[in-house]
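Enquirer: Each chain, written out:
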Amino acid sequence: NAGVTQTPKFQVLKTGQSMTLQCAQDMNHEYMSWYRQDPGMGLRLIHYSVGAGITDQGEVPNGYNVSRSTTEDFPLRLLSAAPSQTSVYFCASSYGRRGYLSYNSPLHFGNGTRLTVT
Amino acid sequence: AQSVAQPEDQVNVAEGNPLTVKCTYSVSGNPYLFWYVQYPNRGLQFLLKYITGDNLVKGSYGFEAEFNKSQTSFHLKKPSALVSDSALYFCAGRASGGYQKVTFGTGTKLQVIP
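Line by line, the protein sequences give chains C and G. Be aware that the first sequence starts at 1, since it is given in the numbering used here, and climbs by one per residue. Be aware that the second sequence starts at 1, since it is given in the numbering used here, and climbs by one per residue.
Don't read these hints as lab results, they were simulated from the structure. Check before you lean on any hint, since a few could be wrong.
Stated by the list, open to error - One side only, chain G facing chain C, incomplete, derived with CB under 7 Å: (1) Y39; (2) R42; (3) K101; (4) F104; (5) T106.
C-beta atoms are modelled at their ideal positions from N, C-alpha and C, and glycine is treated no differently.
Given the sequences, and given the hints that come with them, work out the whole structure.
Expert: Now the structure itself:
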């Protein structure tokens, strides 16, 4: 049971380049989300999804795009990378009925993608 | 709206002493609160959760947390700290109702000194 798998582990981009961070889970979780972790700021929610075809914005969605075509996958797209997007990105999933995050189910995290934008 | 605060960036404690990592919350309705731990270069791991009911919640690795509704706090505790407990700890919460977002605190680095 792999849990939540994120690829790549590390990435260096130049300003203006685009890329996709991949996230896959094998737990049949309806809820998936993307966070960025920055020193002193904790984890901030970028986008989340409560089922295939359903996505919504978190606290810091600007510059990022998501889609959810399957239950298993939730890729995060950087449209035009900026130095301010240098961060560690975490994907997390949780059990819930389609359309809802279960109250008492914790988040399961991947091991993160460390992104540097120069 | 909802927010979670961890007032201490770092907590230092001697091995064998009790430890407390503080968390306060501002969540409308019934709060659902969680503690996670992060080891270097890894994702967060779930430690324990408060849903409703007992104010003392027991979790993994000997950790427990005390929920106090009047003080809107959910402090993480352990009776006897181990060097291997040194890590980054995050408090998280969400509101009841249709709110689907989980909000994290800024994290507290726990350093257990041998």
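Enquirer: How about K101 (chain G): closest beta carbon in chain C under 7 Å, or not?
Expert: Nearest chain C Cβ about 6 Å off; hint holds.
Enquirer: Can we keep the R42 (chain G) interface hint, with Cβ of chain C closer than 7 Å?
Expert: holds (6 Å)
Enquirer: Answer holds if the nearest beta-carbon of chain C is closer than 7 Å to that of Y39 (chain G); otherwise answer violated.
Expert: violated (10 Å)
Enquirer: Can T106 (chain G) be said to touch chain C, with a Cβ gap under 7 Å?
Expert: holds (4 Å)
Enquirer: May I ask you to test the interface hint for F104 (chain G) with respect to chain C, counting a Cβ-Cβ separation under 7 Å as satisfied?
Expert: Constraint on F104 (chain G) satisfied, holds at 4 Å.
Hint compliance for this structure: hint 1 is the single one not met.
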